[in-house]
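Line by line, the protein sequences give chains A and B. Residue numbering for the first sequence follows our numbering, starting at -8 and increasing by one per position. Residue numbering for the second sequence follows our numbering, starting at 553 and increasing by one per position.
No incorrect hints appear here.
Between beta-carbon pairs, the in silico distance windows are:
1) A:Ala91 <-> B:Lys836: 39 to 45 Å
2) A:Asn16 <-> B:Gly935: 50 to 56 Å
3) A:Arg234 <-> B:Gly740: 28 to 34 Å
4) B:Asp709 <-> A:Glu80: 36 to 42 Å
5) A:Lys(-6) <-> B:Ala681: 58 to 64 Å
Hint data in this document are derived by calculation from the structure and do not stem from the laboratory. Virtual Cβ for every residue (Gly too), placed ideally from N, Cα, C.
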Amino acid sequence: MIKWNKKDLTGLRDLSKEEIELILNTASSFKEVSTRGVKKVPALRGKTVVNLFYEPSTRTRVSFEVAAKRLSADVINVSTETSSVKKGETLIDTGSNIQALRADIIVVRHNSSGAAIILARHLGICVINGGDGWHEHPTQALLDMFTLKEKLGRIKGLNVVIVGDIAHSRVARSNIWGLTKLGARVTVCAPKMLIPPGIEEMGARVEYDIDKALKEADAVNVLRMQFERDEGAAFPERFEYFRKFAITKERLAKTKKDIVVMHPGPINRGIEISSEVADGDNSVILEQVTNGIAIRMAVLFLVSQGRQSK
Amino acid sequence: MSLLIKGGRVIDPANKIDGICDILIEGSKISAVAKDIKQKAKQVIEAKGKIVMPGLVDMHVHLREPGREDKETIKSGTEAALKGGVTTLLAMPNTSPPIDSIENIRLLKKAIKKDAKADVLIAATITKAHAGKELTDMAKLKKEGAVAVTDDGSSIDDEKKLLNALKKAKDSRLTVSCHCEDKALSAGGHVNLGFTSTSMGLRGISRESEYKRIERDIALAHKAKAPIHIAHVSCKESVDVIKIAKRKNVKVTAETAPHYFSLSEESVWGFDTNMKMNPPLRGKTDMKAIKQGLKDGTIDVIASDHAPHTENEKDIEFSRSEFGIIGLETILYVSIQELVLTGLLDWKEFIQKLSLNPAKILGVEKGSLGKGSAADMIIYDPGAEWSFGKQEILSKSGNSPFIGRSFKGKILYTIFAGKVAYRA
Chain A
-8 MIKWNKKDLT GLRDLSKEEI ELILNTASSF KEVSTRGVKK VPALRGKTVV
42 NLFYEPSTRT RVSFEVAAKR LSADVINVST ETSSVKKGET LIDTGSNIQA
92 LRADIIVVRH NSSGAAIILA RHLGICVING GDGWHEHPTQ ALLDMFTLKE
142 KLGRIKGLNV VIVGDIAHSR VARSNIWGLT KLGARVTVCA PKMLIPPGIE
192 EMGARVEYDI DKALKEADAV NVLRMQFERD EGAAFPERFE YFRKFAITKE
242 RLAKTKKDIV VMHPGPINRG IEISSEVADG DNSVILEQVT NGIAIRMAVL
292 FLVSQGRQSK
Chain B
553 MSLLIKGGRV IDPANKIDGI CDILIEGSKI SAVAKDIKQK AKQVIEAKGK
603 IVMPGLVDMH VHLREPGRED KETIKSGTEA ALKGGVTTLL AMPNTSPPID
653 SIENIRLLKK AIKKDAKADV LIAATITKAH AGKELTDMAK LKKEGAVAVT
703 DDGSSIDDEK KLLNALKKAK DSRLTVSCHC EDKALSAGGH VNLGFTSTSM
753 GLRGISRESE YKRIERDIAL AHKAKAPIHI AHVSCKESVD VIKIAKRKNV
803 KVTAETAPHY FSLSEESVWG FDTNMKMNPP LRGKTDMKAI KQGLKDGTID
853 VIASDHAPHT ENEKDIEFSR SEFGIIGLET ILYVSIQELV LTGLLDWKEF
903 IQKLSLNPAK ILGVEKGSLG KGSAADMIIY DPGAEWSFGK QEILSKSGNS
953 PFIGRSFKGK ILYTIFAGKV AYRA
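Let the hints inform the model, and build the full structure from the sequences given.
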């Protein structure tokens, strides 16, 4: 197997198939740790992980925190509400200060696309992208792929549908890069106004009819619809969206019986997904959350190794 | 003071010369161009094996003074210009205060007189504070020394206003340079719309926002029976629109910048903010169309769109970073590399786009090496190999996408007004 040699994880676009597989395999071995009586290994003992979050997030931050702690790292959470960021400090200055505190890994969540890449370029310590703008959310896509592989035994050859606000979704982008590298066929589905131009060049097929899209699907990844988004751009009416695109029991009745239903959370019951489906047999939504810990343990561990190898 | 340049290959499109000649300079003018000039001169430069060409006329430069002297000053900007072979430049008026009144133009003239190391031509705004509302007093601005008007950075949305401006500028014999961008289509965008904007998770700037506005502005110029100059053409459709207008004999001229034929949108995929400018880097087919447009004469001029910004405004999150890059020190080298060394343009065709054509468009007597012309020229060593390093930048700002690029050929001397103004 190949060796990991990167100090950062900023996105899946620039990773090779082998690197993605290495993360998934490493996560497999870390998954067992969370089932032990003492849920801890010393892999990152003495290391400091800083969660630098410029956007509100509970799920991703907690997942990274749990992952780091299960690797015995010390974790510090910095949010824009409590830091000097509010006083106008720049991203790079904030990063440099965290580096000067001798932290080892920064997990950054930022509303500006590319923020993690810019930070990684300026810092010698590890940077993990916890979601940047509409650009990438690599650990989310990795945990989605991990869950798929666990459920269906493979990624290669699967038909995966991503439905929802593709235009503004970093989860969709990272999934497209990752899944296509591993040989899955990805179809994105949404109202026209939410399909960004050039998405086909990323390797995804576009389908505007969800029932058609789901016909051959092995899995569907349902994105959160943020109707509260205030972008001034065109947005579908929420009940019309529910009628045409939501994943419901009736819709699933016409698909493969064992179709896997995923959602990055937090879910909007009755908007993009019905409660019956979210809580039903096809749903792996909570397993995704559990798997997120293993993936983040793997990524924290690998980037730390990658930096040492430099 | 006399200066004799001996034995260089003189390339002067204005006088259709390409051959080994001597040039004698007396005072600030060229007094003779001939083979084997015997006359003694106070200073002699041996130019055997070198190319002697007219000093460049860069008709799109942001000097930032007055107002943003932290980015660039008239002094630093003109020093950078001379290093890059630019002896005449048109200073864009979107300064603070903007060049939209007699008082402000006088302020600028005073600063130029005090600090400029090269010839700085003045552009005034078309509308007050380039806000697109109230027209400036063009006749008076012309009288005070403006040679052109432009609202560069924005486009005038109100068609009647632009029509009126084109007519008034024509009456005052002012060149009108238009930044063509329909902000209703481009607002909030950072990179080329399509795969680039989508894969980067950024809003895009469409080609439509540029070429549709060019189409409109050309139609207005046609209606006003007035000439128009189109700034920084970046995409294929724009080249097509201009080509059609030229065929219909509309008095339109156009410029592009070196980055639009040397870099594609792929360069921005790594979120390098030195690849961020407006209009944005486009696709490979656009680069090809721009080159073809230069070859077939659709595009008349290469200008740098030199846009200095401090690191504080540039080296930050991509979406917050300012648009624009510096270009005075690389305009010649990038252009030679992409256009001459590739065999697309011959030297004469090429030099014309960087000197004679912009001079003609601006109505100034530059870009010629004829007897009696201003003694502004470059002595260029076509063999020298070097690479462009950040530490050698003379501009106050370092936002160049070409740092680290290797070039063949280097300026040995820039002569301005008869004197050696830069020496490598």
